[in-house]
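Peer 1: What follows is the residue order along each chain.
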Amino acid sequence: MYYKMKVEKLPELYALIASEKALYLPIEQAGAVEFRKWDESSCVRLDCLNTLKSAKGVFLPQSENLVAFKTEGKNISVIDNSETAFPFVIFGVRACDARSFDILDRVFLSDPVDTYYKTRRDNATVVTLACNEPEETCFCRNFGIDAADPAGDASAWIVDGELYVRPNTEKGETFVSRLSQLLEEASDVEKLEAAKQSVRDILGKLPFAELNLDRFKGDNMLDIFHDPAWKSLSESCLGCGTCTYVCPTCQCYDIKDFDTGSGIQRYRTWDSCMFSDFTKTAGGQPRPSQVERFRQRFMHKLVYYPMNNDDIYGCVGCGRCVAKCPVSMNIVKVIKTLGGEKK
Amino acid sequence: MNNELIPHVGVITDIRQDTPDVKTFRVNSLQGGKVFEHKPGQCAMLSIPGVGEAMFSITSSPTNEEYMEFSIKKCGCLTDWLHQLDVGQQITIRGPYGNGFPVDTAFLGKDLLFIAGGIGLAPLRSVINYVRHYRDRYGSVDIVYGSRSADDLVDYKEIIDEWMNEDGFNVYLTIDREQQGWDGHVGFVPNYVKELNFDTSKTVVLCGPPIMIKFTLAGLQEQGFSKTQVFTTMELRMKCGIGKCGRCNIGSKYVCKDGPVFRCDELDELPDEY
Amino acid sequence: MQEIFGLIKEKAEKLFADGSVNRVLGWKKGETEYDRIPSVFESAEELEEFVYDGFCAANLSKYLIRESREDGKIAVLLKPCDSYSFNQLVKEHRIKRDNIYAIGIDCDGKLDIDKIKAAGVKAIQSIEENGSEVIVHTLYGDKKFNRQDVLLERCLCCKGKDHVSGDEFILAQNRVDTTVKDRFEDVRKLEAMTPDERFEFWRSELSKCIRCNACRNVCPACNCIKCVFDNEDSGVAAKANVDTFEENMFHIIRAFHVAGRCTDCGECSRVCPQHIPLHLLNRKFIKDIDELYGEFKAGADTETKGPLTDYRTGDAEPSLISDRGGSN
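Protein chains in written order, with the working numbering: chain A, 1 to 343; chain B, 1001 to 1274; chain C, 2001 to 2328.
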């Protein structure tokens, strides 16, 4: 069942959602579009294809408090001061980012469950937005993602000045039912289907539409690991964390303590396997140069993750790393170099 | 819902200076007794809030019902701090983590050969004492243990007083270089193991510095041992202990969750990144 | 740049052929129409992938820290602005000059793909550089740009067409000057703000930082063997902005560390995924140094001591800060 309304009414829609729950949208601030909490003054940018950072930060913030400690003499008390849970809607998630939630779920919701992540997932209603004009950096299609018909609790489309919405889950049904004063049933679904088809046509014509992923499977782990091409692929890598931090599926984190002056705050931050200290211990360094660190990141996405997760790749083809790498080295180059050209 | 990342508070109830740079810490829960149960070879995350958190193998046997012990070598920021602590100091602890040794499967009924170098004895101590406790479940036990010098042998007292007197136990000690007052064997562990020429039907548990593991394993294979008979335990940088923070992987395996115990032939199927 | 491209490639092939170098540091085509990857070519055959055009913006000099320590001699391609970084690295003994053959190459300004995309260009199929025009072909139609309008910020206040170092030069017949503004123009705007406005400006910009370290890792002046922000024991090695203090301080501390050594190559702003105008911090320092110690261009040569590392009795006194209206 599809519902629709005029796009001019979007501000009303936002206000209605926000009257019940926190609402996250792609919002521009100082020239940067990110998923942020909406209020009346927000500059919403639904036209933005990729937010700078991915939507994962809503569930796995770049840094968050885990637990605090007070020490007195030889004694320690543990204080759970993690943020309190609140129900929220995240609206405008693209198909690629929506898939990234599934990929992160397999890490954080598998036993033992990550409480912080799960709480946010449970409290979230994910409303996706179909892509209208995919970019040359997009390659979601290779991972079986349909940018013209994204997943999520509810999906949305903007076609010819109208917003179409379709609930996909119980949470989605609830979401739509609360908006009945703005939404009406859509009878012109053919128009929507035609729009979807024209987007799919474009997706098929994009330069990275057909990557050859055949080689990337568990059976070839050692073969790929020892491929001599890693040396030249990693040659230009600066060892920065840009790819990792804009990536919707990179999930590695660090846990650190911070002395606040009135106690110890233990917090978690995103980390990057591209950083030189990532695996360094007092005893040694299993990945001594950027070749090994670079290799780890792509082996994880293309081989290790699928091995542990029913052959699902740890990449969604959002293209952020393609657009953002300071030296233009990226997963597409890696796939093409190691996996060969088009099928 | 149980939150794995929030630790328990434990208290240090005893500190033993084992060697010049290894101390063994006894830890109890605040109510007395153990903080949690574990299996031989499993690990725990210990931390001093404000300093950091790291993974250590639990050196005491699960059969010890009174306390947990950790033999810790001073080699970095957190361990430097731990070595400065006094009895009565509280620390945080969470776990147990990892798979542990296959004491109920692969080891059952087998003649066991333990080979350790330096602080590498720490993770083996828990399984050795477990085997002592359930003596009838296992065959003969040989222990080859070596370190740089006699002063660096961890748990020397327990080895001499208890292990050497245990029925069916043979203990072979060695140190790297001659030393005054030492009338035992002198030489590196891999060579000593060759000299001892063990029966190749034994199941081997091997732990120590990477170089020692490498040469001992090669020697064992020369003598006719298969890698499928040899178990070892790994150590890599860890932050979460639950297979999520992403830094202790060897290929598709996480040392904190799928390890730390691996059968040596399993490691052959993984990238050599450890 | 097509004529130059041919000349450079020819030169590189010749250097391989006569054995004067065993590697060439240049750029290779990446996966998109505008991706240019800094690359080490190890043979004349590998030069097949070599490219030099409007998107070859990366300053290659920093790679020489690693590459000049490898066996053999390496040829490096330096644009005029890169030659300043090169000199500075020679001055700081961070690269081995004897192992390098430096070729100064012409530059008519580098293109900013973000400016092109900001104009609404999507699904790029190809890009044509045609004199003063840039034509972008996309799945949604073509778009024509005036080259000057889509140049990198740094090229609009180019340091000049002349190289300050190099063993030989490959220059175009008609050299294009892209300078349209004074590089301190934006700094003056910042100086004209009230402290509150300025604070607000930087808070807003720096709050976008994701601590990816791209600015630091690309910066030729950030060449410490171990950065303080990578030192676990330093207490400041955080990988995220835990609080606003860190958010503010990371970039300011970095700017202090490179003050007097920063050549204003602009790589920090070019690579910032969040488009933070980091070069403005550096330019403020450069402007202050010029005003306090006399005009100084870091990297203009390999000998002159930097004003902040060379004490002279006539140097500005600290009280000058308050004379200039600042406070401590």
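No wet-lab data here; the hints were simulated from the structure. One or more hints might be untrue.
Lysine-lysine pairs mimicking DSS-like chemistry, simulated, CA-CA at most 30 Å apart [as the list claims (entries may be wrong)]:
id	chain 1	residue 1	chain 2	residue 2
1	C	Lys2181	A	Lys37
2	B	Lys1214	B	Lys1039
3	C	Lys2161	C	Lys2305
4	C	Lys2181	C	Lys2284
5	B	Lys1074	C	Lys2226
6	B	Lys1214	A	Lys280
7	A	Lys231	C	Lys2305
Peer 1: Confirm or reject each hint.
Peer 2: Results of checking the hints against the structure:
no.: 1; hint: C:Lys2181 with A:Lys37; result: violated, 38 Å
no.: 2; hint: B:Lys1214 with B:Lys1039; result: holds, 26 Å
no.: 3; hint: C:Lys2161 with C:Lys2305; result: holds, 24 Å
no.: 4; hint: C:Lys2181 with C:Lys2284; result: holds, 16 Å
no.: 5; hint: B:Lys1074 with C:Lys2226; result: holds, 24 Å
no.: 6; hint: B:Lys1214 with A:Lys280; result: holds, 21 Å
no.: 7; hint: A:Lys231 with C:Lys2305; result: violated, 38 Å
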